[in-house]
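Engineer: Here is how the chains run, residue by residue.
Protein chains: 2
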Amino acid sequence: MFETAEVGHAIAKEVYAAEVPALRAALLDAQFDALQARKFATVIVIAGVDGAGKGETVNLLTEWLDPRQVEVHGFGPPTDEEAARPVKWRFWRALPPRGKLGIMFGSWYTQPIVARALGQTSDSDLDQALERINRFERMLADEGILLLKFWFHLSKKAQKRRLRKLESDPRTRWRVTDQDWKNFKKYDAFCDVSAKAVRETDMGYAPWIIVEGEDARYRGLTVAKTLLAGMRGRLDNPPTKQVPLAPPPQPSIDSRNILDTVDLAARLDKGEYEARLEDLQGRLALLCRNPKFRRMSVVAAFEGWDAAGKGGAIRRVAGAMDARFYDIVPVAAPTEEERRQPYLWRFWRRLPARGRTTIFDRTWYGRVLVERVEGFCSDADWLRAYSEINDFEEQLHDHNVVLCKFWLHVSPEEQMRRFTERQASEFKRFKITEEDWRNREKWQPYVHAVCDMVDRTSTEIAPWTLVAAEDKYSARIQVLQTLCDRIEGAMDRIKGK
Amino acid sequence: MFETAEVGHAIAKEVYAAEVPALRAALLDAQFDALQARKFATVIVIAGVDGAGKGETVNLLTEWLDPRQVEVHGFGPPTDEEAARPVKWRFWRALPPRGKLGIMFGSWYTQPIVARALGQTSDSDLDQALERINRFERMLADEGILLLKFWFHLSKKAQKRRLRKLESDPRTRWRVTDQDWKNFKKYDAFCDVSAKAVRETDMGYAPWIIVEGEDARYRGLTVAKTLLAGMRGRLDNPPTKQVPLAPPPQPSIDSRNILDTVDLAARLDKGEYEARLEDLQGRLALLCRNPKFRRMSVVAAFEGWDAAGKGGAIRRVAGAMDARFYDIVPVAAPTEEERRQPYLWRFWRRLPARGRTTIFDRTWYGRVLVERVEGFCSDADWLRAYSEINDFEEQLHDHNVVLCKFWLHVSPEEQMRRFTERQASEFKRFKITEEDWRNREKWQPYVHAVCDMVDRTSTEIAPWTLVAAEDKYSARIQVLQTLCDRIEGAMDRIKGK
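So the sequences go chain by chain: A and B. For the first sequence, the working numbering begins at 1 and goes up steadily by one. For the second sequence, the working numbering begins at 1 and goes up steadily by one.
It is possible that some hints are incorrect.
[Said to hold, decoys possible] Computed list of lysine-lysine pairs in BS3-like fashion (alpha-carbon distance at most 25 Å, straight line): (1) Lys241(A) / Lys241(B); (2) Lys442(A) / Lys225(B); (3) Lys225(A) / Lys39(A).
[Stated by the list, open to error] Here are the simulated distance ranges between beta carbons: (4) Lys186(B) / Lys160(A): 35 to 45 Å; (5) Gly119(B) / Ala189(A): 27 to 37 Å; (6) Glu434(A) / Pro238(B): 35 to 45 Å; (7) Ser425(A) / Pro238(B): 51 to 61 Å; (8) Thr62(B) / Thr110(A): 37 to 47 Å; (9) Ala115(B) / Thr110(A): 27 to 37 Å; (10) Glu434(A) / Val15(B): 34 to 44 Å.
Everything labelled a hint here was simulated from the structure, so no lab data went into it. The C-beta atom is built at its ideal place from N, Cα and C for all residues, glycine as well.
Generate coordinates for the entire structure from the input sequences, incorporating the hints supplied.
Structural biologist: This is how it looks when you write it as structure tokens:
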């Protein structure tokens, strides 16, 4: 994999001096055009062996580019904040918005490669990590990100030479640590693992560019020219809108669907409701105070028809919890900042740390519900979202996040009754808008979208709970009951006390 | 995952009778149009639980469709032919050509799911198998195949009912075997593994359609309507040509590249050549007769400049082998049959069985060499080919195929000398064509393509050997030496004797 980066690439001083001014001007132009267009973000991954000039190249880029439009992220060991959340959280929050550049110095590759080279993980752990990286990067590319990955390489001899040279100069001696020499002893192991990682993740949409690291002028020019070619390519030849390669899911051909299996006749009388509510809220309160709760977190995701009672159910859940340890996130149209990011970004940023709960009032399923039905995204976009969402939820699951997804179901007749009641009520009138009436007209397309959603995303790790919400009392009890059961189930799987 | 296929879907007899005639006519039309257009092949995967009507649905489809354009492939345990080759070989050879339909009854999903459900493999084995399936299906989709995957589901109760019913009727009793009841006892395990498999491989470009299997009319209509929608979608909205999302590899920015590291001054005098040739041919002959050779196979892949001496090197390799156990495959422009398949198909079909050798005179690398340089495929096509080729070669490696890839390198001056010599020789004149002269004019673009090829596909499992071919003697010795060393290395890794 790395042979072509061991041929002694070098650029003469005069050649470099002659080329740089035009290159810098072109880069600044491309950066300006990208900022104006706001169509894509650029993510630059800087990876490779120690001493191959990664840091110097990052410094060169920030010198040559307009630094206001560039964010550099160095990833060392995770901070407390980061360690408390799913592994990819730190990378999600570092993504640059459309129009800007992000330089990832250290990245999602570091941990899997280092852990395998040091023998802390197995081959199949590495395979799994690389597969997830591929899915992650595919999603970034499909979301419009220009992804360029630079691997800085040095032959074993050249790395030794380089470390010796740094050590011999008092001004750079501090840069060589004992750890560097320890890593050097594992050069071959690192090289094998890296070659595999590069091979398995070298994709047309997210290519690796192998850079020979010995000559500073060569590596600087190579990175800058590749970046320029990438940005100009995207500016001058924007990707065409994709046509789906396979048909969208077809509506059920008989009159039945999964929503019809919800027993809308379920009813609770007030007395029974109040008794069970007290009981379940007590149980939930105790669960949240269980020491094991500090090693997990909870995401409660609410979707459902307008006026199905999401707000009321959420209040009953929150009512049992300590206000310092939960957040309620109402999801409306994305903000400007959010529109400049992949659609899952605004949910990633709100994920709970360990020991905490986030309640989403509407969720990432907007992509396959309202965005699909209203045509806010292309067919190809919402069709790929199912597997992207499953990947996202798998990452939550792997981090001990209990994810409960509720669809609150009511009949169209009951919805109409509630709309009318809201309009008649002085203090509920604000809850009903023109949009609610418009959505109601699209009941059937929404039914189709909800059934597909359940079909494709009700998984063994994150099942959907279809809540019979025709009666608010029984809906709230079903929600609380499900939450308590799922949290208890997760606690049983946590070892220790 | 399967909840929506447990709601009791059914189609009334009258509804069915009213819909079928128009549906059948539309299907035949779509089939005819697809055959005329010859733009895409349709692959239908039929999978799911026993007794859910898979066989009946296949029969229905072959009844409704024009059977001349449909191939049905049932995959039981691999035949001897199939077991002797890489796992996916049997599926590759079953792919329908553009314009036609292939029904895969049993497929690449069967073995991974069954093995995991019976506890013969681990979770990470399953993960790895599913990842490879995803890469395989992505490639099929990118190569223009319409891929529809039907999962036939029955609830546990319904499956029991169905098996009982089949057993109670003398005409169908034969269809229920002891194995079916044994599998039924593992229903839950099968269901869990299947749900995971379906979740991890449900992609917009290769969707799973979950079909409730109890009602014959429902399942027949569902499959036929989905197939019709898929074919009509592709006929009426053909995919747009993809623009690459990241830039193609840029040429090396200094004057150096990996080809320059080849020592073209290497020379052997005739005496030394003949002595070493005899020695190496003897060694190779013995290796091919080693009992361990029957548990492996060899693929020797030759690429190189025109007139670099591929033919001569191939003859020296073949000369050491038993003619019953090797094939030489000269690769020219693809035949009509081959053009109707994914580009790797014509190489898959020629892979050696265990104990055999295939020598390819030019290879699958044509995609990233001549097709790239001449513009015979789009940039997006050859850009994705590197990882597809790496996947292909990984499958060879996993099956104990020793893959030796040779690039025969000569200088442009030496090439010119040989061209002139060929033209002057009565019995070599046929070896030089107009095309050779045209290729020569594109020397630089080819250098760029060769360097990228080595960069991206010289992997630890299938390294490139750059052969110094300025001197034919030393080139042949280098080829034979490499082959012998690689075969011996592989034998050392095979246990037993």
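Engineer: Now, for every hint given, state plainly whether the structure supports it.
Structural biologist: We went through each hint and held it up to the structure:
Proposed proximity of Lys241(A) and Lys241(B) is supported: the alpha carbons are some 10 Å apart, at most 25 Å. Distance restraint check for Lys442(A) and Lys225(B): the Cα-Cα separation of roughly 23 Å lies within the 25 Å cut-off, and the hinted pair is therefore satisfied. A distance of roughly 21 Å separates the Cα atoms of Lys225(A) and Lys39(A); the hinted pair therefore holds under the 25 Å criterion. Between Lys186(B) and Lys160(A) the beta carbon distance is about 57 Å. The supplied range of 35 to 45 Å is therefore violated.
A C-beta distance of roughly 33 Å is found between Gly119(B) and Ala189(A), which places it inside the suggested range of 27 to 37 Å. Distance hint check: the CB atoms of Glu434(A) and Pro238(B) are about 39 Å apart, consistent with the given range 35 to 45 Å. Distance hint check for Ser425(A) and Pro238(B): the Cβ-Cβ separation is about 54 Å, which falls inside the suggested range of 51 to 61 Å. Hint check: Thr62(B) to Thr110(A), Cβ distance near 53 Å, so the stated range 37 to 47 Å is violated.
In this structure, Ala115(B) and Thr110(A) meet the distance hint of 27 to 37 Å, their C-beta atoms being roughly 34 Å apart. The hint said 34 to 44 Å for the Cβ distance between Glu434(A) and Val15(B), and at roughly 38 Å that hint holds.
Checked against the numbered hints given earlier, this structure breaks hints 4, 8; the rest are met.
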